[in-house]
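*Asks:* Using the sequences provided together with the hints, build the complete structure.
Here the protein sequences line up with chains R and E, keeping their order.
So the number in the working numbering is just where the residue sits in the first sequence, counting from 1, plus 388.
Note that the working numbering numbers the second sequence so that position 332 is 326, with each residue one more than the last.
Honestly, the hints are just simulated from the structure, not real lab data.
A couple of the hints might just be wrong.
[Said to hold, decoys possible] Okay, the calculated bits of chain R under chain E, using three or more residues with CB under 8 Å as the criterion:
#1 483 to 490
#2 522 to 530
#3 583 to 591
[To be verified] A few chain R residues that face chain E, going by a derived Cβ cut-off under 7 Å, partial list only:
#4 PRO442
#5 THR479
#6 TYR493
#7 LEU495
#8 ASP512
#9 SER517
#10 PRO561
#11 GLY562
The beta-carbon is built from N, C-alpha and C at its ideal position, and this holds for glycine as well.
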Amino acid sequence: MLGIIRQKMTAGLSPAMRIRPVASALRSYSSAAKEINVREALNSALDEEMSADPKVFLMGEEVGEYQGAYKISKGLLDKYGPERVLDTPITEAGFTGIGVGAAYYGLKPVVEFMTFNFAMQAIDHIINSAAKSNYMSAGQINVPIVFRGPNGAAAGVGAQHSHCYAAWYASCPGLKVLSPYSSEDARGLLKAAIRDPDPVVFLENELLYGESFPVSAEVLDSSFCLPIGKAKVMIEREGKDVTITAFSKMVGFSLKAAEILAKEGISAEVINLRSIRPLDRATINASVRKTNRLVTVEEGFPQHGVGAEICASVIEESFGYLDAAVERIAGADVPMPYAANLERMAVPQVEDIVRAAKRACYRSVPMAAVA
Amino acid sequence: MATAYSPTNFVNPLSINTRSHDKPLFDPLKTTTSFLGSTHKLRPTSLQFNQPDTHRRSAVVAVSDVVKEKKVKSSSNLLITKEEGLELYEDMILGRAFEDMCAQMYYRGKMFGFVHLYNGQEAVSTGFIRLLKKEDSVVSTYRDHVHALSKGVPAREVMSELFGRTTGCCRGQGGSMHMFSKEHNLLGGFAFIGEGIPVATGAAFSSKYRREVLKEADCDHVTLAFFGDGTCNNGQFFECLNMAALWKLPIVFVVENNLWAIGMSHLRATSDPQIYKKGPAFGMPGVHVDGMDVLKVREVAQEAIGRARRGEGPTLVECETYRFRGHSLADPDELRDPDEKARYAARDPITALKKHLIESKLASEAELKAIEKKIEEVVEDAVEFADASPHPARSQLLENVFADPKGFGIGPDGRYRCEDPKFTEGTAHV
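*Replies:* See below:
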């Protein structure tokens, strides 16, 4: 595993390795230089929401005494007691349904899945009893529940622990699907998700938990929230030549790729989707109309993925503005292999994004810098 | 319309028993010896009201002893009063007449899709649900019309929902299998078997949470989860038995064991067909009751609901019952033995209650006939109302997907929060 970290040189896989270029760019824009990692961001968001509203409670495997399988819920059991931080037995279908039933009655459960792979045992409740209930009951019963947990590939965990479910949940009407990248995203979106009166699927990423990002004072404010359904054009990466859309860990890779492209004279605009459903088509299309080229990046499988939907949306709405075929970067169309070198090939890397952006720009040799 | 019930109002049938006081009606530690279930029914037997079978579990023996004794005692010691008896009768007649009308309407094309009828099982719904308060909740399966009616949803609204009209309880968006009513705390209507059980457990959880964490001291709401014999082999059932017993939730798991899951006989699908035995395995009492006798069901229900309300935890009640029609209106129902159907038809719960009411002089033939006529009118009125109701408008298609379509809320000024430019500044009040 350490071998991969040394090879990758990209998104920091441990707190010690920061993305230096990105950090220096961010430091110049934020008002305070405080840095928190995604784990702390999620923990503080949960803490603040639970203290603000006694109806919010957390349930999942190992969230209590073990302090969270990934330590996201550290300290919450001591603070709020076992009635509000529930260690459940290993019964995803059962406790997810219990959460939904409690949400029918106005409580606000946050259901943690150890990974979203295990949520497949509970997906019946996420889709059929949570997502569809407001519609089936014609607005009588809404379900203010949050399903959260790590999604997508980790490092060397094999096929059954590495599946990305963004496309699965995002295809279902009645769900809101969010996927944060930075600490600011994590805090703001989780708080918005908990306050939201509808079911929200909150897809985190295990490898991002330890990564630190600078946050400003307003992010640390306890009423800080981000709107659901709005993507963010990464301020440090506004560009004119190609639009790169990404979510979760791939935003970090895209930013790195944009650095490399900038050296070669290609100015790439990176969009952090944040919200997979509802998808912020307006922002994406506006960006493509400006740059005329699109590269979508995601970690999940290519067929019927998030990138497919973005490409379709852009082709439908901004066809005349496109100067090149849309490019999709996705994970390899195979179950995730275990061997480190194979795994590296199965997940998009920075080089893949750079290559795709260059293909979209019809250039495979560097050009002189353009104004 | 459900009225408030408290178990203490009734003459406690347990007090007229000859059993000693240290044997409670439900003993979680007792294991069973014989099965009063379907294997019995496969042999030709007569009416099952009193069976002097000495091998039976104490719980079931108590129930049938009471019934036996009741027949001998005078009218002052009856299980029910006249008003209660008439109410039970009316509720069961409503269920039966409604379902029969559904069949008619289906074959005339007014109703469509999947329709699952409840004929024959009325004693379970009436016996349990008529004991609940309005705030108690009921979670059901796709066979939910009669549960909705017993819980108090007006017949007009249920019929309109089945016709797919906008005046239905879910404005035509749910349908036969998805009856929801916030007002009457009917939480659905689930098509997947076993899906309602965790939701019911969650509703019970919220009742306990509100009492203990949110400190609403009078919140003692009970939840009933109805499901069938086929569901008892599903993983979610066992997961919830475990968690309900673990956290002592105020829930009653009611198994409507009608012996058939579409065409799959319960005996062919289950390693141990005695479902009530699965309760004690998880630390809750498991009770078996004759689901064709509304009085027996009601007695068991009173005890189980009382347990839940007092905070003593869940109970698993297996009601042995039978559906007179096929699984759904599309089911040709060829696999079930006609003799079995005839045997259960002879135990029709409505005829049994009628006989009991007349024989114990609680009601006269004329009064019962009047009830039947009244219900006939109610059901016909429901059909006329539904027929005359408008279909949903086109704009209704996209409504109600989200409670809050823009995500997280409308601010105090009435505008969507995310449109407020100061939204992310940390000054937005929630």
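*Asks:* All hints are to be evaluated individually against the structure, with a verdict given for each.
*Replies:* Going down the list of hints, with the structure as the test:
1. 483 to 490: As far as the stretch 483 to 490 of chain R goes, the hint holds, because 8 residues have Cβ atoms under 8 Å from chain E.
2. 522 to 530: holds (count 9)
3. 583 to 591: holds (count 4)
4. PRO442: OK, holds: PRO442/R within 7 Å of chain E, min 6 Å.
5. THR479: holds, 4 Å
6. TYR493: Holds: closest Cβ of chain E sits about 4 Å from TYR493/R, inside 7 Å.
7. LEU495: holds, 5 Å
8. ASP512: Hint on ASP512/R: holds, closest Cβ of chain E at ~6 Å, below 7 Å.
9. SER517: Holds, because the Cβ-Cβ distance from SER517/R to chain E comes to roughly 6 Å (cut-off 7 Å).
10. PRO561: Holds - the Cβ of PRO561/R comes within 7 Å of chain E, reaching about 5 Å at its closest.
11. GLY562: OK, holds: GLY562/R within 7 Å of chain E, min 5 Å.
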